[in-house]
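J.: What follows is the residue order along each chain.
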Amino acid sequence: NAGVTQTPKFRVLKTGQSMTLLCAQDMNHEYMYWYRQDPGMGLRLIHYSVGEGTTAKGEVPDGYNVSRLKKQNFLLGLESAAPSQTSVYFCASRGNRDRAYEQYFGPGTRLTVT
Amino acid sequence: AQKITQTQPGMFVQEKEAVTLDCTYDTSDPSYGLFWYKQPSSGEMIFLIYQGSYDQQNATEGRYSLNFQKARKSANLVISASQLGDSAMYFCAMRGRSGNTPLVFGKGTRLSVIA
Chain A
1 NAGVTQTPKF
11 RVLKTGQSMT
21 LLCAQDMNHE
31 YMYWYRQDPG
41 MGLRLIHYSV
51 GEGTTAKGEV
61 PDGYNVSRLK
71 KQNFLLGLES
81 AAPSQTSVYF
91 CASRGNRDRA
101 YEQYFGPGTR
111 LTVT
Chain B
1 AQKITQTQPG
11 MFVQEKEAVT
21 LDCTYDTSDP
31 SYGLFWYKQP
41 SSGEMIFLIY
51 QGSYDQQNAT
61 EGRYSLNFQK
71 ARKSANLVIS
81 ASQLGDSAMY
91 FCAMRGRSGN
101 TPLVFGKGTR
111 LSVIA
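Residue numbers (this note's numbering), protein chains in the order written: chain A, 1 to 114; chain B, 1 to 115.
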């Protein structure tokens, strides 16, 4: 199992450009999450999904959109990037069976917006 | 709403000594779970330990133990016999067990282990 993977690992954008971050998991997990991590702020939830075709807003959803068309994939989109979106983005997933409490994280995507 | 507070931005500990990282929480859920994650300088999030609010005993995983005091709403992480490889950021997190609530994280504590 690859677990949770994120593409790309690094990206530099100019203000106003758009991009999509891909998260994929091969554990057949129901729940998937996107977080951002900024210095001194811990991890803050952007959006999450409780199943294929569903999405919900987290703590800091503005400026982001998400889609969960397939159970194994959770996409995070930035339509018009801003310097305030410079951050490290983590995807995570969780099942609802054995060890359902454990949330598995991807390796992160470091995004810089200039 | 759930909230996690970690009041120690940074901690130092001598190698082979024990260290306690503080975590307090606030929630109105009667049932919830508490977590600790480690983030080394390489950046990945590593799950360490879990405590359910109705678990009778404090959770332990190797050198990690969770000192759970429900009445005080605290879930401190105790690392015994610190090693240089324990130097990292440590995050406390919680989630309500009801429904599909996501994890809520504290701001973290940076632990530095000194030789």
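Calculated directly from the structure, the hints in this document are not laboratory data. Treat the hints with caution; some may be incorrect.
Said to hold, decoys possible - Dumping the calculated DSS-like pairs for lysine-lysine here, alpha-carbon to alpha-carbon at most 25 Å: (1) B:Lys107 - B:Lys3; (2) B:Lys73 - B:Lys16; (3) A:Lys14 - A:Lys70; (4) A:Lys14 - B:Lys70; (5) A:Lys70 - A:Lys57; (6) B:Lys73 - B:Lys3; (7) A:Lys9 - B:Lys16; (8) B:Lys70 - B:Lys16; (9) A:Lys57 - B:Lys70.
J.: A separate judgement is required for each hint: does it hold in the structure or not?
T.: Against the structure, the hints come out as follows:
In summary, the hint linking Lys107 (chain B) to Lys3 (chain B) is supported, as the alpha carbons are separated by about 11 Å, within the 25 Å threshold. As the CA atoms of Lys73 (chain B) and Lys16 (chain B) are separated by approximately 29 Å, the hinted pair breaks the 25 Å bound. Proximity of Lys14 (chain A) to Lys70 (chain A) is assessed by CA-CA distance (about 29 Å); at most 25 Å being required, the pair is judged violated. Annotation: proposed proximity of Lys14 (chain A) to Lys70 (chain B) is violated, straight-line Cα distance about 48 Å (limit 25 Å).
A threshold of 25 Å between alpha carbons decides the hint, and for Lys70 (chain A) with Lys57 (chain A) the separation of about 18 Å falls inside it, so the pair holds. This hinted pair checks out: Lys73 (chain B) and Lys3 (chain B) have alpha carbons roughly 11 Å apart, not beyond 25 Å. Distance check on the hinted pair: Lys9 (chain A) and Lys16 (chain B) sit about 35 Å apart at the alpha-carbon level, beyond 25 Å; violated. For the proposed pair Lys70 (chain B) and Lys16 (chain B), the alpha carbon gap of about 29 Å is over 25 Å, so the pair is violated.
With a C-alpha separation of about 30 Å, the suggested pair Lys57 (chain A) and Lys70 (chain B) falls outside the 25 Å cut-off, and the hint is violated.
This entry does not satisfy hints 2, 3, 4, 7, 8, 9, going by the numbered hints stated previously.
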